[in-house]
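Please build the complete structure, drawing on both the sequences and the hints.
Residue numbers (the working numbering), protein chains in the order written: chain A, 1 to 266; chain D, 1001 to 1458; chain C, 2001 to 2570.
Read the hints as simulated data drawn from the structure, not as lab findings.
These numbers were taken from a predicted model, which means no experiment stands behind them.
Don't take every hint at face value.
To give an idea of the interface, some chain A residues facing chain C are shown, with a C-beta separation under 10 Å as derived from the structure [what the hints assert, rightly or not]: (1) Gln82; (2) Trp101; (3) Lys103; (4) Gly120; (5) Ser139; (6) Pro140; (7) Arg141; (8) Gly142; (9) Glu143; (10) Trp144; (11) Val205; (12) Arg249.
Away from chain A, derived, C-beta distances all over 10 Å, residues of chain C [as the list claims (entries may be wrong)]: (13) Gly2017; (14) Phe2080; (15) Val2512; (16) Asn2560.
Covered by chain C, according to a simulated footprint, are these stretches of chain D (three or more residues, beta-carbon under 8 Å) [unchecked claim]: (17) 1137-1146; (18) 1161-1174; (19) 1283-1290; (20) 1308-1316; (21) 1417-1427.
Ideal placement from N, C-alpha and C gives every residue a C-beta, glycine not left out.
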Amino acid sequence: MKTVTLTLTNPSELYIEGQNVTPDNFAGKKAAEIAALDVWEGKQKGPLGKYFTVEGDGGATAEETKIVLRGDCTRVKRIGQQMTAGEIVIEGNADMYIGGWMKGGKVHVKGNVDSFCGIGMEGGELIVDGNAGHHLGSSPRGEWRGMQGGVIRVAGNAGNDTATFINGGTIVIGGDADIHISTHGEGGTVIVKGNARGRVGGQMVKGDIYVYGTIENPLPGFSMVDEVEQEVDGETARFVHYIGDLGERHPVSRGKTVYANLYTRL
Amino acid sequence: MPKRVENVGCPYCGVCCDDLVVTVSDDGKQILEVENACAIGNQIFHHATGSERVKLPRLRQPDGTYKDISYDEAVDYAAKVLYNAKKPLIYGFGSTNCEGMAAAAKVAERAGAVLDNCASICHGSSFLAIFDNGYPSCTLGETKNRADVIVYWGANPAHAHPRHMSRYSIFPRGFFTGKGQKSRKIIVIDPRHTDTAQVADIHLQVKQGHDYELFDAFRAVVRGHEIPEEVAGIKREQILEVAAIMKKARFGTIFYGMGLCHSDGRNHNVDIAISLTRDLNDYTKWTIMAMRGHYNITGPGAVWSWQYGFPYCLDLTKKDIAHMNPGETSSVDLAMRDEVDAFINIGTDAGAHFPIEAVKHLRKHPWITIDPNICMASEISDLHIPVGIVGVEVPGIVYRMDNVPIQYRKVIDPPEGVISDEELFERIHQRLSELEAEEAAKEQAKVTPEGVRAESEP
Amino acid sequence: MSELLIKNGFVFDPLQGIKGDRMDIGVKDGKIVEPGALSSPKTIDAAGMTVMAGGVDIHSHVVGPKVNVGRLFRPEDKLFKSPHKSPTCSRMEMGCSVPSTFKTGYDYARMGYVFVNEAAMPPLHSPHVHEEIRDTPIIDIAAMPVFGNNWFTLEYLKNNEIENNAAYTAWLLRATRGFGIKVVNPGGSEAWGWGLNCEHIHDPVPYFDIAPAEIVKGLIETNEFLGLPHSVHLHCNNLGNPGNYVDTIESLKLAEGYAPKNDFGREQVLHITHLQFHAYGGDSWGNFESRAKDVMDYVNAHDNITVDIGQVTLDETTTMTADGPFEHHLRGLNNLKWANVDVELETAAGVVPYIYSPKVKVCTIQWAVGLEIALLSRDLMRTFVTTDHPNAGPFTRYPQVIAWLMSRAARDETMKTFKWLERTIDATSIDGIDRELGLYEIAQMTRAGPAKALGVGNTYGGLTPGMDADIAVYALNPEDMPSDPAMIEKAFSRCAWLVKDGIVTVRDGEVVAEPAKRTVWVDVKVPENAQVQRDIYEHFLRHYSVKLDNYSLFEEHLHNPRVIEVDTTQ
Ligand code: SF4
Ligand SMILES: [Zn+2]
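Below you can see the structure in the form of structure tokens.
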């Protein structure tokens, strides 16, 4: 694996849109070619090298390419967007859409990220050591085929609208989650290890949600069915099991109605 | 002889009354009388000729005062601001006709700007819900002719849309509703005891911020499931009673307002209201409608959808493809995050409506206000360009809250020399094209507008 | 004005019976002229290429409120799916299944089309339709107001008052600057006002005491009484359901005994649109099957009927129709987002995204049904290419449809991707059809036929001197047709040249000019009719939510009109 290190030495006045910063785009390119890739600051298209110093060449393929971002990327959007393989490490914070529409590979952010990270995700791994903003692992506007696969791990808290229209994959939030989790969900798993504020699983058709802490405002459309013991994220614990959203439509499989499951830890 | 102009549309609220009769003075300059309008509508017309109007663009001077300049100079200034900014924002369109909105889009596309309208801070959440869940709706005449159950949810038309109840919902006698109010059940769902709630048969005082839970409960009940004894401050029996009324209706309409789309969860409250409407259509006929505020705030959503496929929050900075994602490309978010470097405020008052923090960020950069009148935004701008008042001095198409286009008329001339939004944007577009051509001719031409920045403390 | 000579192409013009002759076409002042009439023309070398009149689309949803709902409520139809703006075009081109107005105009032009008939205009929304026409570049557009659920129409026809209905029709065409009589699910969309439907043509319409069959017959009589350029244009009842071919044939029979009366060269009294959606057998999705043959046997034997196919293209698309109850039904099948707009006194509309997947049996049968209709037709001057854009697929897929019609190999190629190939073959006759259409037949189905059926064959759809100089040149040599059907598709996707009104508009598949497009409408002069005037006054006073004087389109909102005049008072 070859490593390309980008250091933000000449920060932008506005925000940078860096959708070209992916192993897919860097693969097979020399440092100078990478520095010539387009990024946008508003309507101005400029070479990556205008803002970042670039050290190291890309690997032969995306899989063999690792990108390390240094410097304050708080105002850099879309890193790792649509990547299919390889690795990205962001040493500090980053802005929106990090790992958006990812299909494979791994993104590791050591700081915080803003909203829409892991949006439209199909595969791969997005790890955030800090907090995430809103719409984590959510679907893009109007798209009913939300997160399809992959894993998102956020050590800290997440904002609202996590996993809207989730269809598959797993999201693990180490801290608390704000309102709306898995709204309109039709599959997948969301695990909140802290508390959830409310509207957990609203309009949900299928899929699983685990909340270890409390749910401040539970929905009337979820109804308790039993207590179960389950292994979740490597540990076994007892949960109260609810099904819902009873207000929503549900498919019938082999004569039985399939509901979404909500588990709260005992 | 004073002249009577009939079938005049009212350029105030989304009810878009088009039955006004306006009497104009002999010389065609004064509005003498307005018939059929409500008090607010009445005022809008009288205000046009009653108040002192700005007749020329005004440019900020070094001493902080404004100086009158010509339209040519103002057009040049605006074009250069747009041309030089990396990410200019054009926002507003609360009181513009569709022709003006179409012309503004042409400018935004050419300049590589973000284009947004007031929905961004009011019914934008409705769009998000529509994107996710659709919009089973109807025209207002359908409600008038057929509805036997009306729900106002988080809406207070008695204040915000004064003639809504009499023209379309509670009181009118329609084709199948000849008994008027007597043939209708009125349900108001609102945490406040509003004037609209006074005329309701049933008022559910939902706990502030818990509408989503109440909708969830209605949906569960409609599907025949049990619900807790109390949801969102409403007793189970009442929920069951209202759900039964809804299911038994022949034709129902849910009108919802800012109380729903602006409380906690915003778009999701509307989204689940749409889900409930969908559900009810398995039993009978139900429709839903947003109580859009301004008379033509539905317009930009229509015009920009046919031009770009997005109703608001359009990022056109790439000039060859449009991007929309409210939360990122929405005006207040852009301003709060300091993402834009020039601002055109048109036909609204961002100075009054945006959070202070957003205004502070925007004030760091050039700020132009396009508005017939003096408002907070015009007073903190670097340039104020007056335009004719749509529906009074400028005709054009507007879209009512139910997306029905209404052709508005002109009743008097604008003050001498004052041009329309449409003409202004066409001229800015022309100037932008010239600047591009100049730039192409001599590469370096980094044209800087003449004029002085306003003091940055608002 | 400029002169042009299109030299040496293989010309296909069914209106003149020209079948691929090598000849020159002259253009002067925006009209076709004899080449000899030119003095110093610019020349376009069309040697080795196919020359046809500009394409004419008889049924497509391109402008108006429900199209715009489709755009508005599907941001995902733009994301990663829109092309970057072409540097030779003046505006961005957004959208995929429901393109923006700009993209609509550009894409039609690139395919060599010049005229599109917007298939459904809700009269109350006509100012909206005309605003979108203003923003649609290049192509001429006509828009048909919908009548089949209109209260005036229902009331007049219930009492068999054809003359009154005709007077009202003339008034509405003028008020909306409309083109002809569109009928969508007659009676059913009014029933939808109560959440109901009229599935069969003898189901009574609630409260109005009339059945769909009487509505259709009454409108045919009205249409011929007025002598409009186009015939009644019908979207039948019971769209999309297994077994509906019975209702369709019953609807077709309603035209029996009627003969066309008009001065526009039209020979049919009834146009049935998107026939593919109406030619199904079986009584459930399980035994769903094609009945294209039964329906086409009837159509082939009755020449007062024309049809368009409504070909399913196996894409993700957006369905939209004034058939409100159908869209509600569809959203129950796929559970996707659903928009609905009931329009007071007039009509309804629904919009639902839909994915026609080659993995779904019903979808692949639908695909076969459309092609069967075309390939079983014995008169391609009465059978037209459409996809009921965007309902069965976007219009940008016409080149693919043409390739399927012209090449068995293209059909086989597509069928290979079907998950339920055997079942599709069993349920249809597609595998037994070897017919491959030629360029002359394609010209019949895409320009000459539709233009004639619309009653505009004196202006569009042909290359006779005096007609509009709308000419498409395709890089296809009829003497040396490519063996790879993909090349046919490519040639029809991006024409080599499009001349519109005598102006070179597309060159090598790129839009190079944006000549002003027109709004085509029909102005019918009828005798004064006091009763109809009174009825209009009454309904506007009591039942409409807008004032009568604000309903009729203001002249300033009509853009580049081309009016077709009909005088019934003579
Ligand atoms: S209700 Fe609204 S539109 Fe009607 S007159 Fe009053 S302010 Fe004007
Ligand atoms: Zn159609």
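Legend entry - Structure versus earlier hints, numbers of those that do not hold, lowest first: 3, 14, 21
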